[in-house]
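Reading the sequence shown from the start, the letters are residues 92 to 247 in the working numbering.
Everything labelled a hint here was simulated from the structure, so no lab data went into it. Please note that a few of the clues may not be correct.
As the list claims (entries may be wrong) - Computed list of lysine to any residue pairs in SDA-like fashion (alpha-carbon distance at most 25 angstroms, straight line): (1) Lys193 <-> Gly226; (2) Lys211 <-> Asp230; (3) Lys193 <-> Gly139; (4) Lys132 <-> Gly185; (5) Lys193 <-> Asp230.
Unchecked claim - Derived Cβ-Cβ restraints for the label pairs, each shown as a range: (6) Lys233 <-> Gly175: 16 to 26 angstroms; (7) Cys222 <-> Lys193: 12 to 22 angstroms; (8) Val152 <-> Asp245: 14 to 24 angstroms.
Model, not experiment: these values are computed from the prediction. Where a beta carbon is used, it is the ideal one built from N, C-alpha and C, also for glycine.
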Amino acid sequence: MHYSRRYIRRRHGEPEDPLGAGSSRCYRAILSIVFMNQTPKIACLPNGPYYLLNDMTAAPVPNLRRANGEPCATVRGVALCRCGGSRNKPFCDGTHSLIGFKDQRSGNATPNRRESYAGKRITIHDNRSICSHAGFCTDRLKSVFRMRAEPWIDAD
92 MHYSRRYIRR
102 RHGEPEDPLG
112 AGSSRCYRAI
122 LSIVFMNQTP
132 KIACLPNGPY
142 YLLNDMTAAP
152 VPNLRRANGE
162 PCATVRGVAL
172 CRCGGSRNKP
182 FCDGTHSLIG
192 FKDQRSGNAT
202 PNRRESYAGK
212 RITIHDNRSI
222 CSHAGFCTDR
232 LKSVFRMRAE
242 PWIDAD
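Please work from the sequences and hints to get the whole structure.
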C-alpha cells in the first residue's frame, strides 16, 4: 500500500498539459483529450487549477439554457488550487486570475524531487515541488509528520 502526499499520479507517457503550456483553448478541449476513458483523472488547466473528474458523462445544469432554449449539459468536476493563493484550499476560488498565476516553471522553483519514507506496511512519498502548503498533512497527522524530529516523516 502506498500513501501519496503531494504527488499527482499520471499514466506512463501521459502529458501534464496535453495542449501545451499557456494554451488559450477552453478547458473542455483539454478534458476531451485527457479523459477519453472513464477513470478518475486530473488535468492541469492552463494558468489555472487542477481539475479532477470522476465521470465524463455530461449532466444537465439546472436553470442553464442555450439561446435556443435547449438545456445545457456539461461534465462536472472539482477545481483544486494550484497557485497556492486560494482562501478555500484545497479547492480553487479563482484567485489564480487575480494574482496573475502562470504555470511556467520559474528558475527559483523547488526542484521536482520525490523523497520516499518506507515503513513496515506503507511508503509515504513527499514531493515539495507540487505541494500547496495548505497544511492538511502535517496538521491532521501529527503522529506521522513530526515537525521537530528527524526524520520528520514516520511511516510507522
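So, going through the hints one by one against the coordinates:
1. Lys193 <-> Gly226: Judged against 25 angstroms, a Cα distance of about 23 angstroms means the pair holds.
2. Lys211 <-> Asp230: Satisfied, since the Cα-Cα distance of roughly 23 angstroms is no more than 25 angstroms.
3. Lys193 <-> Gly139: holds, 8 angstroms
4. Lys132 <-> Gly185: holds, 21 angstroms
5. Lys193 <-> Asp230: Given pair Lys193, Asp230 is violated - Cα atoms ~28 angstroms apart, limit 25 angstroms.
6. Lys233 <-> Gly175: 16 to 26 angstroms: Holds: the Cβ-Cβ distance is about 23 angstroms, inside 16 to 26 angstroms.
7. Cys222 <-> Lys193: 12 to 22 angstroms: holds, 18 angstroms
8. Val152 <-> Asp245: 14 to 24 angstroms: violated, 46 angstroms
Violated hints for the displayed structure, listed by number in ascending order: 5 and 8.
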